[in-house]
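Peer 1: Chains as they are written, first to last, in this note's numbering: chain A, 1392 to 1950; chain D, 236 to 683.
I should point out that these hints are in silico values taken from the structure, not numbers from a laboratory. Just so you know, even glycine gets a beta-carbon here, dropped at the ideal spot from N, CA and C. Just to be clear, a hint being listed does not mean it is correct.
Pairwise CB distance ranges, derived in the manner of DEER restraints [stated by the list, open to error]:
no.: 1; chain 1: D; residue 1: Y536; chain 2: A; residue 2: P1552; range: 35 to 45 Å
no.: 2; chain 1: A; residue 1: G1706; chain 2: D; residue 2: Q669; range: 51 to 61 Å
no.: 3; chain 1: D; residue 1: E654; chain 2: A; residue 2: Q1786; range: 51 to 61 Å
Only pairs whose alpha carbons sit at most 30 Å apart, straight line, appear in this in silico DSBU-like list of lysine-lysine [as the list claims (entries may be wrong)]:
no.: 4; chain 1: A; residue 1: K1493; chain 2: D; residue 2: K539
no.: 5; chain 1: A; residue 1: K1794; chain 2: D; residue 2: K650
no.: 6; chain 1: D; residue 1: K575; chain 2: A; residue 2: K1802
no.: 7; chain 1: A; residue 1: K1794; chain 2: D; residue 2: K575
no.: 8; chain 1: D; residue 1: K575; chain 2: D; residue 2: K650
no.: 9; chain 1: A; residue 1: K1794; chain 2: D; residue 2: K291
no.: 10; chain 1: A; residue 1: K1674; chain 2: D; residue 2: K650
no.: 11; chain 1: A; residue 1: K1674; chain 2: D; residue 2: K575
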Amino acid sequence: MLIGIDVGGTYTDGVLFSRGSVVHSVKNPTNEQDLFGTLLFVLDALLARCNGERVERVVLSTTLVTNLLAAEQGERTALVLLPGAGLPYSAYRISPDTYFLKGSIDFRGREIEEPDTAEIERVLEEIDRLGIRRVAVAGKFSNRNDGHEVLVREMIRARYPHIDACTSNDVSGRLNFPRRAVTCYYTAMTMRAWSSFADGIEAAVSAKIPECDLHILKADGGTMPVETSRMRPCETVFSGPAASTMGGVALMREPLNSLVIDIGGTTSDISLLIEGQPLYASKGALIGGHLTHIHSFAVNSVPIGGDSPVVEESGSLRVGPLRYGPAACFGGNAPTVTDAFNLLLALNIGDPEASRAQLGAVAGRLSQPLGEICRGVADLVIEALGEAIQRMFRQWEDEPAYKVWEVVNRKGFVLEQVVGIGAAAPAIVPLLAKELGVKYFLHPYSPVANALGAAVARPTLAVQVHVDTQNGVYTVAPGGLSGKIKGSNYQIGDARELARHFLRKMGAERGLSDYADDAEVYLEEQFNVIRGRGLAGKLFDVGVQIAPGFIRGYDGVAR
Amino acid sequence: MKPTGVLFFPAFDWAISPAHPEREERLLYTRDQIFEEGIMDLPVIREYHPRLATAKEISRVHFCVPDVASRVTEAHLVAAGSALVMADAFMTGEVKNAFAIIRPPGHHAMTVSHGNRGFCDINNEAVMVEYLRRTYGITRIAIVDTDVHHGDGTQEIFWQDPDVLFISFHQDGRTLYPGSGFVDELGGPLAHGTTINIPMAPGTTDEGIHYILDNLVMPMLEEFEPEVVINSAGQDNHYSDPLAQMRFTAQGYALLNQKLQPDIAVLEGGYSIETALPYINMGIIMAMAGIDFSNLREPDYDPKEFRERPGNMDAIKALVREQLTNFREREAVVEGYRRKGRTVETTARTIFYDTEGIHEKQRLGFRICPDCCGFRTIASNAAHRSGRVSTVFCVSLPRACCPVCAEETRQAYEKMKGEKGYDFIYLQDRIADQFYTLDLKHGRETVV
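Between the sequences and the hints, there should be enough to build the whole structure, so can you do that?
Peer 2: This is how it looks when you write it as structure tokens:
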């Protein structure tokens, strides 16, 4: 049996899943002040229906870190930067406690300027004097040579053992120094809070279900063992939309160009599937106005959901954006989008008379027939969603291209179907699909697809190596490893094998060995380094990953 | 405030040959630098994606022999198309200015293209100029070519065009490819003084180039009043460039763009791929986007090493005076030619394609007209290294032609249809925006 729990902003959903069927599902309001309590309540409710069968894995998707960062409630963290030449220092407005140090590295990992240890001493003294206990260290091109970052971290560890230090290359090995700095900063800021939350959950789960794996869902739609998450709390952000997208894929399982729309109470999250595979945000997740290196699905949120109230404003109809409560047909006190669709399409959900009474009042105030009001609400909803969808198509088509091949073979996104997720999807999705001129997909499990997506998602891991044969070195990300290459005549196949080697190694450390053989190459670049008239070396960038997918044994749901 | 548009197209899968300066690696370290800096994430920058230029867009400038499809590689079509994307972004007002960091380059490609010359097949800036004219009705354009090599292709294309002010500063042609760009190359009879060359001695520094910019380039631009200013932004004046001997720095390039304020910049040459390009490209983006670039420098930069030699400064001052006079007296010279009435000026020249070893001979006819910009014909004979020879005749009708010249141009094309000895004859009708190719051997005419 598998358990998936998605702690959302309004509701926490949980499913108990076994052999293609949802055995039990739970929907419970989320108590933001006590996420731990909410989680345990849902977990207990699911375990009560296990009938003594073994639960192999629990996967959690939570908003803890997202909320900490959004509310700026992370711990005070100093950001120590080694930017060298380039953009002005004023470009790095990330932390109110930012310190700049001498020392710089270039794109080949060569040292341009040495760090000044006396300066580092002074800065650390100041940080300690201010009582700051978390430090994030980030240097430009540290992904090519993290010597300077490590030097600062080791000085902190040696002299200020009460201060925790993170380095940016350990968090992400990709190019983009500001994004690495931000990701490292957020990691340092939330590590303690996440770790203590993880302690609690881990203790509770192992007490209730011994021998059960506990995984955390990431923004990229994959899971990671709770142990790994302690070093990478930021990867848990935006896992809610990722859960929904994975749920849509899990239910649909066809290689179609699709749009997954999760229509919740107050918002709708839209993601794209290219031939059935979720599309990633090419620039990484955006948190607190900063782009990060957190691998995340491209999700567009529209502030309209099933519970969005229908109001009249200066003589015209408006929808949302706040939520006053559930739909009138489910006992709410205000007319909502769900009520309008309920009447318009004669869906007969809940108490249609309540929908009629509440929307009738709006119609009276606007002196319009009730039917027209319902039609008007539907138009507003479809229009808002349609705009967001078109924007996503454009974003995808506007992605930059760096190779002739990519430009010549560029294809537009031709939508084939709409996959509806969430409680309000059955009301809204058919009309939306009709408007877009495509078919739609709804499943009886659609309302709990988010929790189902979490329950069946497999672990993911991406490993990237950069090899510079002229200098005889390689670097590996994540984790900030490096080493010297052996032998002459190093080729792309060797770089690929190196990447696979580290993926297997890291996979084993994270308990993902089962999936290491599924790893696929997602990036392969090679450049000849020509100096004078001759070949001086080669540069390789190879990435291999266990892509988002489903755990062994998952074979779709019973229809 | 509007952002600056940037289109970065490094053509990571294209090279002239594996060890050629125009190889995959050329913009690799520039990619590393601009990605690592995260400059594309800033709200003052908007990144664009490339497109392919069409055969018609190329034909507005070039006579490709035998045709666009077989002459121009996809890489060149993407580079030219990228310049057009930047032109659209600027003209529609999405951005305040735009920079196409693209390869392959284009400024050595001339009107007739038999092959690759100076690493260029087609002229990206020229294709963009004709696109701006056709799509947005722009007339007056200034191109400032800041590549260390003379922009001989761009000069040749706009030689007879009084509405394009072409300014090229470069290392003296007696010391560097392509061996042209001297002070007396001032443009055709009816476009005299709208081609201005500024050959500089090897070793000229930031100081010398900025003197030229402040005292010659900027005043000329002010007086010419172009609707659009284009920087043909080569980066090989840099002190570390392996193919040239100048002493320009990344700071110098950034400051140049801050002063020049080009509406659209298009990358040309520059082959110091590790020591110069990453920093110059950053500098140009920063200057165009209004970002403080005082923290930008090359790893080995030492400001003390870039003082101008006094003797060279005197030569530069004399050059600036001479060219400013040529520019300011241009209308009187043109008037003198116009008074000759409707005559035809004929000249001949040879062109060498260094990349592909092609020897081309041209006979040119230029119609001088008292009422318009005139028109030109080019008879071209190209001997390829393989021994193959192609002979073509080209008739070019500019948009600004008077009805008399337009009629005469079209008749010239019709008349040539009966001539023997040519493989292809072409008519470039920019008024009708139609481009004819007649394959004489097979008697087939195609129009794009």
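Peer 1: None of the hints should be skipped; say for each whether it holds.
Peer 2: Outcome of the hint check:
Between Y536 (chain D) and P1552 (chain A) the beta carbons are some 40 Å apart, a value that agrees with the proposed interval 35 to 45 Å. Between G1706 (chain A) and Q669 (chain D) the beta carbon distance is about 55 Å. The supplied range of 51 to 61 Å therefore holds. The hinted range of 51 to 61 Å is satisfied by E654 (chain D) and Q1786 (chain A), whose Cβ atoms lie roughly 55 Å apart. Between K1493 (chain A) and K539 (chain D) the alpha-carbon distance is near 22 Å, which keeps this suggested pair within the 30 Å criterion.
A hinted pair counts as satisfied when its Cα atoms are at most 30 Å apart, and K1794 (chain A) with K650 (chain D) does not qualify at roughly 45 Å. Proximity of K575 (chain D) to K1802 (chain A) is assessed by CA-CA distance (about 56 Å); at most 30 Å being required, the pair is judged violated. A C-alpha spacing of about 53 Å is found between K1794 (chain A) and K575 (chain D), which places the hinted pair above 30 Å, so the restraint is violated. Proposed proximity of K575 (chain D) and K650 (chain D) is supported: the alpha carbons are some 25 Å apart, at most 30 Å.
Using a Cα cut-off of 30 Å, the hinted pair K1794 (chain A) and K291 (chain D) holds, with the two alpha carbons roughly 23 Å apart. For the hint linking K1674 (chain A) to K650 (chain D), the alpha-carbon distance of about 59 Å lies beyond 30 Å, and the restraint is violated. The hinted pair formed by K1674 (chain A) and K575 (chain D) fails the criterion: a straight-line CA distance of about 63 Å is larger than 30 Å.
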